[in-house]
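Participant: Sequence:
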Amino acid sequence: MARNGLASRLYNGEAGLNIVGRRKLWFSVAGLLVLIAILSFSIRGFSLGIEFAGGNSFQVPASVGTLDDAEREVDAALAAQNTGTEVVTAQKVGGPGGDSYELRTGQLSAEQANAVKAQIAEDLGINADQISGNQVSEAWGSQVTERALLGLVIFVALVMVYLILRFEWRMAVAAVASLIMNLVLTAGIYSLVGFEVTPSTIIGFLTILGFALYDVVVVFDKVQENTRGITANNNQTYGEAANLAVNQSLMRSLNTSVVALLPVGGLLFIGAGLLGAGTLKDLGLVLFVGMAVAFLTSILVATPLLALLKNYDPRIQAHNKRVLARRGAVSRGEVPAKGAASPAPAAAADEPVDPDAAALAGAAPKVGARPAGKRPTGARGGRPGGGGNRPGGAKRR
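The numbering of the sequence shown is my numbering, which starts it at 4 and goes up by one.
For the record, the hints were derived by calculation from the structure and aren't laboratory data. Note that this is a predicted model, so its numbers are computed, not measured. It is possible that part of the hints are untrue.
[Unchecked claim] Here are the simulated DMTMM-like cross-link-like pairs (lysine to aspartate or glutamate), alpha carbons at most 25 Å apart as the crow flies: (1) Lys27 x Asp316; (2) Lys95 x Asp126; (3) Lys95 x Asp72; (4) Lys324 x Glu125; (5) Lys95 x Glu125; (6) Lys95 x Asp71; (7) Lys324 x Glu337; (8) Lys27 x Glu337.
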């Protein structure tokens, strides 16, 4: 029979991928990525949006031309008024009055903002009333950041309590470590690539926490099922049982991630890319990156870390030693493998073997089994059918 393909074996949980056994490799890669992310935080920092860095924004009708034309005219107006700043970001947005271009600049005073607005209207040949301006203070972004951090701390605390009650404290520690690594790696990608951080980005960060938690709980539920009562037998170590659980739930996690990434990818690539809905870009980008990273961390970090923590449990340590000792004895031939028949004692070379006796010995019933002979027929098993006063029986003389 032909061997099943990888996809079929993944679906049936029979791929046999050694994920937990290679935890040193995954931890090394994860540690390197976290180090790169931290260095990026320290050196490059983040590209903060107007809501966090403070600044001004101008919205002009899309009828003035392309987005590049609008950006060029606003830069010229800023230079003409000697503001010392330029357009930071430009995107196309939709609204009740039709599409428009939103162009964000550095911080301007009220006089400078009015002068730039008048200059833009003059250069584009439109009425100044068609241009809307907005000014955002840096303090507002600080308040949003503080509340987001507070929400993150409360979320992590509630997750710890839930996982301890649902599973155990080691699973809670492994799950929270996976969540934090997911946030750090996603933030590192934002810092390295230079994605702009906006309030939508913060909302997206808090959203991916729920998805990452769901993925970890799915895997840990299978781990708990496979390791329940594991110390009662000497067949497999805790790490092997956890690795089997990862293989059995890998396809489910992959399907969940793909199904979740498809609408987010449509939001990002179609909505923001093709249709030009710039307001969807920030939310779609952080969701897409965060969900993809969450799948990897839940499989490659959470469960191997759980196995590492469990190996410090004295009860699991003793169990693992018994399993390895038994395997060593089996490999040396000291103990028969499970399911193998015990070898029969060898007969003496000069002792003849009676074939009839061997046949009778082979036909001997097992302990507790019914005799192999034919059971007498009759209404009540062993009684003759014709005796007694039962109808149809012979009368006693």
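Participant: Against which earlier hints does the structure fall short, listed by number upward?
Facilitator: 4, 8
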